[in-house]
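Chain by chain, the residues:
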Amino acid sequence: MTKGVHLGEAEQLILLAAWRVGDDATAATIRQEVAARGGRTLTVSSIYVTLMRLQSKGCVSSDLSDPTPVRGGKAKRYFSVTEKGIAILQETRRRMEKMWEGMDKAPDVRHA
Amino acid sequence: MNKLPRVASFLLRILLPRNWRDAILEEITEAYRLDVETRGYYVARRALRREITSCHWMRLRLEARRLRRSERGGSSSTWNTPLSSWAKDVAYASRLLRRSPGFSMVAVLTLALGIGASSAIFSVVDGVLLRPLPYRTPDQLVYVWDRLEWIGFPRASVAGPQIDDLRNQATLFDGFAALRTGTLQLTGIEEPEEVETAFASANVFDLLGVRSALGRGFLAGEDVEGAENIVVLTDGFWQRRFGADPEVLGSSVTLDGNPYTVVGVLPRDFRFLVHHSLSQPSGAEIWLPDQTDLAAAQRGQHRYAVLSRIKDGVTFDQAAAELAALGEQQDGQWFGDNGFTFFAIPVQEDLVNNVRPTLLLLLAAVGLLLLIAAANIATLMLARSQLRAREIAVRTALGATRGRIAWLALVEGGQFAVLGGVLGFLVAMLGMDTLVSFAPVGLPRGEEVRVDGRIFAFTGVVTFVVAVLCGLAPAFHNSKLRLSESFGERTRSGSGHGGSMRARNLIVVAEIALSLVLLTGAGLLVRSLAIMTAANPGFAPNHVLAADISLPAARYPDGFSRAAFFDEFVSRLSEAPGIDRAAATATLPLGYVNRNQSDCRPDVLPEAEDAIMTDYMAVLPNYFTTMGIELLAGRFFTADDDERDAAPFVVIIDEKLARYWPDGAAVGRRLSHLGEDWTVVGVVRHARIVQVYEDDRPQIYSPHAQLPFRAMTVVVKSELDPTALVPLIRANVHELDSNQPIANVRTMSSLVSESTAKQRFSASLMTAFALVGSLLAVLGVYGVLSYTVTNRSREIGIRMALGAQESGVLRLFVRQGLIVTVAGIAIGIAGALVLSRVMSNLVFEISSADPLTFTVVPVVLFLVAGVACVVPARRASRVDPLAVLREE
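Listed in order, the protein sequences are those of chains A and B.
For the first sequence, my numbering assigns the number 1 to the initial residue and increments by one for each residue that follows.
For the second sequence, my numbering assigns the number 1 to the initial residue and increments by one for each residue that follows.
Fair warning: there could be bad hints in the mix.
To be verified - Over the 10 Å line for every Cβ pair with chain A, so calculated as not near, a few chain B residues:
# : residue
1 : GLU27
2 : ASP696
3 : THR855
To be verified - Okay, the calculated bits of chain B under chain A, using three or more residues with CB under 8 Å as the criterion:
# : stretch
4 : 59-66
5 : 551-564
Honestly, the hints are just simulated from the structure, not real lab data.
Bear in mind the structure is a predicted one, so any value in this text is a computation, not a measurement.
Beta carbons are placed, not taken as given, at the ideal position from N, Cα and C, and that holds for glycine.
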């Protein structure tokens, strides 16, 4: 199921963030999560680009919420990570770890 | 709650994909709110700016589209479906193209020629007329001129004090720069030379918005009398004389014997044309601040071109109105309410005004040629689609829609056009240099003409239009073919599809009409050219060489030393081997420069009448015989006239001035001129000094010794090749003064032919376009008729079997071809009349509805088309009825 699907770094970040945020995952909360944990501030539109791409790969699904009076009656789009998305994330991690093997034995290089 | 700033929200609404807009906007607002709360207003604004300026919205649109497709269950590639059908159509059309290589080659070459010629002409039009000048906001730059209409100067240079007035009084301009050009002698180096120089006010580079590439431009105060002598070089001069040495700044050059410090070098693309004379803008090689005190100059001396810049936010009309008001004030104060005024012309317009009508005419002509070419391809394709009627019928039967059939024809036409366009672009690239080098001398901005992205885009657009034009008629026709007609084709009369025949006849009529318009235009230009070339300039240009010598005031301070130099120099030259005669003049006919004008009062002129405006010049005694200017009465100058103090002031006048005396008996009479009284000793033929085909003002010649000029043109007559004499002349000058350069060596015959160069340029191009156009049109007539004959051979055979005569058949077909031709000619004459009205200021001495041109051109076209009809008609009349019937 996960064969042939690769995730770029931004895709991994956003997919992981969406999973962490859980039920409340919108572009804005994902952005907060990435900023808080990943130390990067992404633009909402770039997050959307990535989420759309992930959706067409089948890694996330999205739903429109009911309009809330607080938000001026407008609906909000919630994203949730699909099972396929989780499987692909794990697969990606396995592949990366294979690549990282032995790196902890390398001499620690500190940049001046 | 923090809302998005209104501008940001507006921009995002435009940028975001429609069906995601609200959701994303909502998120951005939310993110902005969170940012403001957690990280502060400043950071939030910065993030929002990044949100808008990052180009993610473009990817958003693509992703949104992809998502939509994948949700519909289709393939995720956006282009897959349409592309494959495109590819199929193109592949099919290219198979057709290869199947009939002859036809394809003719079509592609015809279009390549048409498109290439259009692009080449457009590149000239673009470089000269359209491309903005390379200065800061060039559309705000204007030249300011005087209008002195009542004395025959609708556009005159401006006098110094007027510039001072403008600077003090005008409020809508950013300043006024006085400009004039001249030559200075560069000496103190191996090869002394005369350098084209611009003298300008210190603010000139600020007005243009030009910064020096090296060093600096002029500083305020450097154009004041007594300021330090400095010079700014153009890039070309810096490269040529200093080998692009960056150490040139601060070094000293000697100009007219005075030291000048080089303070700057202008950028490479700096090209500014200064009006040298009113008709001849020229590019100077070095720039000096003009240290003349403008306010103290004479009010009558109109010698400056004036550059100005309209202030930001002021319209041209407002600025022009202010100039007019200031002009009116001057009119009352200084010009006795004779109608003086100032007026402004945008710089770009002013520089290219002379060539604009010619270039636009050529562009229109080449456009017509292209139309004819496209029409020709359209008829050929129509004829071919006739042959393919069956194939089209099969396609229709198998379910091809009309749109698809029409589309195929468009793709086929498009293929010819694209191949033609690619080849045409190559033609344009090769042809453009030829075109510019062939263009008349002094094509303003000629060096800015180049093939680049703009020309490429133009070629692309033209190609697209041609593609549509070529494919439209066949597309329309094919889509209307009916099944029954096509399958039944062979068994029915076989005279061709009525609709397509009509379409092709109409197209050929249009071709003939367009080519007649072109031919008439060319005819008018050629006739004008013939008249100009045959014009008698009043002198004999053959075997005469001219060279300018301008003595620096520093070394030749008075008239005596100047007269002595030229006397000595010319007498040395006259004795040199190979030289028949030599002389010198202050104003060379057709030499463009050094034209001096003054009032003159012949003694017969009543006091009440205005003085006569004349051109005056000083000449050495042998001038008239050297130039072959005919003596009509009296005598030439002699050496006695040169005795400066003893001799009475004498002049020779031309026939135009002599006419003021009854019966032209001017010899021995007196006239006043330049504040002196002069005796007329001779009358000569009028020698034209501006254009070879146009008379000028009356002329007055004085002996150089009595009216010595600093800058003279030496003329030398020799039966030898005059250009071989240049080293001899140079050697003679150097013997007299080793620091004295000569400049502008040219033959009189070249000046005569330059004088008609513009006309020759437009006439030859127009003729070439017209000939190619008519050839295509006549081929069109031939093609249509020839196709009809092939199609109707059965009918002809039957007619002949039933007793029709050969001559009868011949007449039948010739008549058919001629009807088309005559219809085209009739429409063409109407079109040509419209064109000729537009051309009225490009034709010379003939009416723009010249009866000769309007008779000869249609008759010739008719005859040629007639021949083209006879060939297929004869073939028709030779049809063997037996052979045809046997085929049945």
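Hint by hint, here is what the structure shows:
1. Annotated as non-interface, GLU27(B) brings its C-beta within 10 Å of a C-beta of chain A; the closest such distance is 4 Å.
2. Every CB of chain A is more than 10 Å from the CB of ASP696(B) (nearest about 72 Å), matching its label as outside the interface.
3. With a cut of 10 Å on Cβ distances, THR855(B) stays outside the contact zone with chain A, its closest approach being about 72 Å.
4. Check result for the stretch 59-66 of chain B against chain A: holds, 5 residues qualifying (beta carbon to beta carbon below 8 Å, three or more required).
5. For a cut-off of 8 Å, the count of residues in the stretch 551-564 of chain B with a CB near a CB of chain A stands at 0, and the three-residue condition is violated.
Violated hints for the displayed structure, listed by number in ascending order: 1, 5.
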